[in-house]
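Residues per chain are reported as follows:
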Amino acid sequence: MGIIKALKLGFNYLKYDDDGKVEETRRAIDDVNLDIEAGEFIAILGHNGSGKSTLAKHMNALLTPTEGALWVEGINTKEEPELWKIRQKAGMVFQNPDNQIIASVVEEDVGFGPENMGVPTQKIWARVGEALGKTGMSTYHAHSPNRLSGGQKQRVAIAGIMAMRPKCIILDEPTAMLDPIGRREVLEAVEELRRSEGVTVILITHYMEEVIRADRVYVMDSGRIVMTGTPREIFSQVDTLRHYRLDVPQVTLLAYELKKAGVNVPDGILTMDELVNALLPETPEKAFTAESITTSAPDETAAAVNMTAERRD
Amino acid sequence: MFKDITLGQYYPADSVLHRLDPRTKFVGTLAFIIAIFVFHTIPGYLVATVFLGSVILLSRIPPKIIFKGLKGVFMLLLVTLLFNLLLTPGEPLMQLGFLRITREGLTMAGKMAIRLIYLVTGSSIMTLTTTPNQLTNAMESLMRPLKRIHVPVHEISMMMSIALRFIPILMEETDKIMKAQIARGADFESGGLIQKVKNMIPLLVPLFISAFRRANDLAMAMEARCYHGGENRTQMKPLRYDMRDYIAYGILGGFLLVAVIMRVLS
Chain A
1329 MGIIKALKLG FNYLKYDDDG KVEETRRAID DVNLDIEAGE FIAILGHNGS
1379 GKSTLAKHMN ALLTPTEGAL WVEGINTKEE PELWKIRQKA GMVFQNPDNQ
1429 IIASVVEEDV GFGPENMGVP TQKIWARVGE ALGKTGMSTY HAHSPNRLSG
1479 GQKQRVAIAG IMAMRPKCII LDEPTAMLDP IGRREVLEAV EELRRSEGVT
1529 VILITHYMEE VIRADRVYVM DSGRIVMTGT PREIFSQVDT LRHYRLDVPQ
1579 VTLLAYELKK AGVNVPDGIL TMDELVNALL PETPEKAFTA ESITTSAPDE
1629 TAAAVNMTAE RRD
Chain B
2 MFKDITLGQY YPADSVLHRL DPRTKFVGTL AFIIAIFVFH TIPGYLVATV
52 FLGSVILLSR IPPKIIFKGL KGVFMLLLVT LLFNLLLTPG EPLMQLGFLR
102 ITREGLTMAG KMAIRLIYLV TGSSIMTLTT TPNQLTNAME SLMRPLKRIH
152 VPVHEISMMM SIALRFIPIL MEETDKIMKA QIARGADFES GGLIQKVKNM
202 IPLLVPLFIS AFRRANDLAM AMEARCYHGG ENRTQMKPLR YDMRDYIAYG
252 ILGGFLLVAV IMRVLS
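Here the protein sequences line up with chains A and B, keeping their order.
For the first sequence, the working numbering gives the first residue as 1329, with consecutive numbering after it.
For the second sequence, the working numbering gives the first residue as 2, with consecutive numbering after it.
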């Protein structure tokens, strides 16, 4: 059994009228089955309102299922009376960096989780030091969070979760409110944790570029999981993804359009290097890299940008 | 514009006073305030002055900054002085129309002035050398006995520290909303008092909605990080008395004792 397993998971949001009677139910999750192995990097994709955040909240028992069940390391979230024991195993990072930092000093915020778990003082300091080191925030330990950039704040939030030593870390659109630099910082920090700690990562996002390195991708639409597979498998189905109102990475889209125009390109191109090498098969001994083409062929990348720009709102 | 606001008025420096346990400083300030109301003779005030002066020297804070706190209470000081001066009955010294200044009034006003100035100076030394968070911690620790009569001590202190964290964020947000509304043609400047209050509505409504949203997010983030009340919670920075705290308590005790003895003897 994997670290997170869901069976026929269903969840309804209820809307109450003034008398406390159920006025309206909205199905947010419908018949979701999951089996995530320890150490995997999972990405969950979906447009707004597809139920991906609701699913994430089930994974650390902020919500409990209306139907079916979800197990975190074999504990059924519906049956455990002390929910914080589940939350300790599956930590969650939220979208808004400001709204999840509790203390006025970085190190105190990172220590908040261990304090709640009842870790002795000496060990809290060790955990905080370690977590800040791993997210590259050690130099800011005595700063006020108000003076940090968005990416730095989000790294503090990740450190705050890591200090709890979870088996699994769930990131609910952690980069949605960040600039490109902040996004890169956060993703690098996550990648580093996965490499050095072997934590299971569940990344919820609607940025396609972020899921390329995932082991497995789930695509959600109106509460259901509609596609599962490796990033390559998912991104080779450009039309299906568009049907679920999702974009594919720019390079993948360019490759797809080229193929439609008659150029011989394989399906599911994920990086610029792959596309360059696919387009230049006659010189396989000299594998081109992205750096070598950015200066020589700016038109190609510009074309890709223009093509996707129309579709992004 | 609001980025650099500091709450309370902590002045970072490296002094014995800064390093004292916040509880010591809190209790010390209370003791000092009691003492200046116990003293009522000139030698007594001299003792208090020497005490306050040495504390100021120990704090390594420029006196200019310490006395800045007095500006805020200047009006209060003036009104108190006038009332004491004019309304105390006793042996008349001067008569100006219906106004009469008495000897008792004069001494009373003098005493009140010294007491108020010392009170404000003493407590601003505490807030200048202690961060708001340390103060919150001290209050939680000092109020702990009240838990027995079901005062939610931990919750109160948690609320205070969260408020301290969010005040600058909400200030910045207010600034942002204000600019956004001005860009849409809102007017926060003109009109009388009532009109001005009415004009605040387009500012307050979005601000409140956003504050509630933040509160909701924060509650969820706290739960996600295993927050389940004050029970079985450990502290990352527990307050611990040091040798210097015991010495400070000793000095304070001596100071209070002097105040009481002088009062009894005179």
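Since the hints were derived computationally from the structure, they do not count as laboratory data.
Some hints here could point you the wrong way.
Claimed, not checked - Simulated crosslink set (DSS-like; lysine-lysine; CA at most 30 Å straight-line): (1) A/Lys1495 / A/Lys1587; (2) B/Lys180 / A/Lys1495; (3) A/Lys1343 / A/Lys1406; (4) B/Lys148 / A/Lys1451; (5) B/Lys197 / A/Lys1413; (6) B/Lys197 / B/Lys180; (7) B/Lys238 / A/Lys1417; (8) A/Lys1451 / A/Lys1417; (9) A/Lys1462 / B/Lys148; (10) B/Lys238 / A/Lys1451; (11) A/Lys1413 / B/Lys148.
Claimed, not checked - Example chain A residues on the side facing chain B (calculated, C-beta under 8 Å, incomplete): (12) Tyr1344; (13) Asp1346; (14) Val1350; (15) Arg1415; (16) Gln1416; (17) Phe1422; (18) Asp1426; (19) Ala1431; (20) Gly1439; (21) Met1445; (22) Asn1474; (23) Leu1476; (24) Ser1477; (25) Gly1478.
Ideal placement from N, C-alpha and C gives every residue a C-beta, glycine not left out.
Against the earlier hints, flag every one the structure doesn't satisfy and list their numbers going up.
Violated hints: 1, 2, 5, 9, 12, 13, 14, 23, 24, 25; rest satisfied.
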